[in-house]
Each structure stands twice: as structure tokens, then as C-alpha cells.
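Undergrad: Given next are the chains, with one letter for each unit.
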Amino acid sequence: MAFVNMKNKEVQAKIVYYGPGRGGKTTNLEYIYSKFRERIKSDMVSIKTHGDRTLFFDFLPFDIGKIMGYDVKIQLYTVPGQVKYDATRRLVLKGVDGMVFVADSQIEQRKKNILSLKNLQENLASYKKSIFKVPLVLQYNKRDLEKGGVSLLPMETLEKDLNSQLKVPSFPASAVTGENVVPTMKKIISLTMTSLQNVMK
Amino acid sequence: MGSNYDDNVSFTDYTLGQEQLERIEHILTEDLIKSGVHSALLIDMAGNIIAKCDNGNCEHDLYSLAALASANFAAVDTMAKIVGEEEFSLLFHKGESESIHFSKVNIEFLLITIFGKEVSLGLLRLKVAEAVEKINNVW
Ligand SMILES: Nc1nc2c(ncn2[C@@H]2O[C@H](COP(=O)(O)OP(=O)(O)OP(=O)(O)O)[C@@H](O)[C@H]2O)c(=O)[nH]1
Ligand SMILES: [Mg+2]
Chain W
1 MAFVNMKNKE VQAKIVYYGP GRGGKTTNLE YIYSKFRERI KSDMVSIKTH
51 GDRTLFFDFL PFDIGKIMGY DVKIQLYTVP GQVKYDATRR LVLKGVDGMV
101 FVADSQIEQR KKNILSLKNL QENLASYKKS IFKVPLVLQY NKRDLEKGGV
151 SLLPMETLEK DLNSQLKVPS FPASAVTGEN VVPTMKKIIS LTMTSLQNVM
201 K
Chain D
1001 MGSNYDDNVS FTDYTLGQEQ LERIEHILTE DLIKSGVHSA LLIDMAGNII
1051 AKCDNGNCEH DLYSLAALAS ANFAAVDTMA KIVGEEEFSL LFHKGESESI
1101 HFSKVNIEFL LITIFGKEVS LGLLRLKVAE AVEKINNVW
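Chains W and D supply the protein sequences, listed in that same order.
Reading the first sequence from the start, the letters are residues 1 to 201 in this note's numbering.
Reading the second sequence from the start, the letters are residues 1001 to 1139 in this note's numbering.
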């Protein structure tokens, strides 16, 4: 539900980072915020618990400049990943234009990734949106742990578990080191803008 | 995919032309800003800013405010449903020098006003009610 303002020639689009609790959604936004500090004029808003778990959402507005004559403002959001916050998680999805699913590459998180993706499909359906139609990018996060000797879910397993039907772009990444965080974001922005093109004439 | 899915890739459920936006901005300025309101925002339920007007010396981060306001409204609305209410009509937060008032315009839009001590809540509610009615007549 991007808002295209024909009068001011401005587009506001909403991109939501989804995925299991502690998977690294907030860390993705924090990295983007630190990386583009001079371009992002406002502060990152985080509604979180004392233990730094997302309670409602994180919000980061990001002006990406002009596309087809429009000033494009991307609104990046994260949802709370913990299972118990499903009601608030669903609220954040309202009006979403594009999604990043952040999966946790740790072996013991395998089931949680699958359940979270299923939960995403259900919550999108509550807004009459199909997970097969919404612009979506997958991110297999925490790949840096491999260098520390931790064995992770192989990329092929993650692809098979999460992407065998969706067949969307996917990135191995590390939100703490920043590896592939910006490419993930650029990919979802470009897919989202493509889907909006027909209304930005 | 079942036919109950919305195939139109993510565009707003409403359309607003340039002329309608101008009329809305006019209403916000004439009815609210000229009555002493510091800032008036029309946002949609997804947190997008549709129109904004202020008295020229408002330095707030309005995009973050819109994101929080729509989420806050949605959360309160869900709470109302849980206790069996259709909706909680008044959403008002009072501060030392600035207060915020939220008003539902229709299922798509919220009107947010930020105002100081010079404006009484009574007058504000009256002015907001008038503005809401006029905005609803724009389309
Ligand atoms: N090693 C490693 N740790 C990470 C990575 N990304 C996030 N973490 C850590 O994982 C923990 C959780 O990260 P968050 O970004 O808060 O996770 P989240 O997905 O926002 O979690 P919720 O808000 O509960 O849904 C933090 O301690 C992060 O430092 C990563 O790429 N590698
Ligand atoms: Mg988080």
C-alpha cells in the first residue's frame, strides 16, 4: 500500500523485515542506520523490552532519492519475532509493499525458521495478500559464525526448507559484520519499486 | 492461489488526486492551523503521510510520528475488540507543553493534531470534528 503523492511527486513505500526471534532483524536495521548515518536524517525508532527484544517494531525512514521523477521514501520496519507477539506482528504488516525474511542459520533454529515463514504466509493472508505475490527476499543470517568454528545449516538445506516453492532471491549474510546487509536491502527496494512502477507514471 | 487473494500488487486502497490533496491541505490549514494547532497530519493506517500542515515552527520528526501513531491506533483498536468494544473514540495524550490528539477519519485515515496550552481540548475536539467531516466530503 505504498502512497504515491502526485502533487508533491513523492512515494512512500513500506518494507518489513520478518523472521524468527533473535534472527537478526533489528541488527540489519542498525547496520543500515550506522552505514547511512549521514543520509538518514531522523533517529531509528525502536519499541523494545529491557532485554533489547523487539516488542512492537523498529522503524527507519530512508530517502533513496529520485526514481522516475518521484522522491522515494522507503520506510524500513522490523516485526517482533517472538511467537507470543503475533498480534502486534500482524499489525506491522498492514500496508506492506516488500519483505525481507531473515532466517537464522544456526542448526538448532531450523524449525523456527520454517514456522516463522509459515506464520508470515498466514499473516499476509489475513490482509488478503499472497506470499507468492509480495516482493520478497530471503536472507540467511549469521554466516559469520562459521568462521568461529560453529557448524551452520548448509545453504542448500536453507534453500530447500524455505525457498523451494518461493524461488525468490536469497543472500547468505551477517548482520553483525554487515556482509550482504546492503545488497539484501537494495534487492528488496528494487523489487518493490518494480512492482510499483505501473502506478508511478 | 485462491481467488480471495488481492492480485493488484500493493497499491493503496484509495486514490487521491492532486485536487483532492489540495482541498485536504486547505482544510487542515483553515480549520486547524488557523485555530492555533501547531501541526496537523493526515495519515493512513499503514503509517504513510497523506498531507501535513504546520504553523511554520514545528521541528518534529513527522515520519516517525506517523509510523508510531498508526501502530498505536491499531494497537488500541485491537484492545477495544478484545474487550468487546467497537472502538475507543478518544485518543489523546497530554504533555507539559505539547499534546497529541488522534481522530479516526474513516477506515483508511487518521487525523493527528499537535497543539499547545493555548488551545483547549474542547475547542480542539470541535475543530477536529469539523475538519473530519469536511475531509470525508472530499471524495
Ligand atoms: N554472530 C551473529 N550474531 C548476530 C547476527 N545478527 C544478529 N546477531 C545477534 O543475535 C541477537 C539477536 O539479534 P536481533 O537483531 O536483536 O534479533 P531480532 O531478529 O531483531 O530479534 P527479535 O526482536 O526478538 O525478533 C543479538 O545478540 C545479535 O547481536 C549475525 O549475523 N551474526
Ligand atoms: Mg528485533
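By construction, these hints were calculated from the structure, which means they are not laboratory data.
Just so you know, these numbers come straight off a predicted model, no measurement behind them.
Glycine included, each C-beta is placed from N, C-alpha and C at the ideal position.
Be a bit skeptical, because a hint or two may be false.
Some chain W residues close to chain D (C-beta under 7 Å, calculated; not the full set) [said to hold, decoys possible]:
id: 1; residue: K7
id: 2; residue: V45
id: 3; residue: L55
id: 4; residue: F59
id: 5; residue: P61
Undergrad: Confirm or reject each hint.
TA: Structure-based check of all given hints:
The criterion of a C-beta within 7 Å of any C-beta in chain D is met by W:K7, whose closest approach is roughly 4 Å, and the hint holds. Nearest Cβ of chain D to the Cβ of W:V45: about 5 Å, under the 7 Å cut. The hint holds. Interface restraint check for W:L55: the shortest CB-CB distance to chain D comes to about 11 Å, outside 7 Å, so the restraint is violated. Proximity of W:F59 to chain D holds as hinted, the smallest CB-CB distance being about 5 Å (cut-off 7 Å).
Annotation: interface hint on W:P61 holds; nearest CB of chain D at approximately 5 Å, less than 7 Å.
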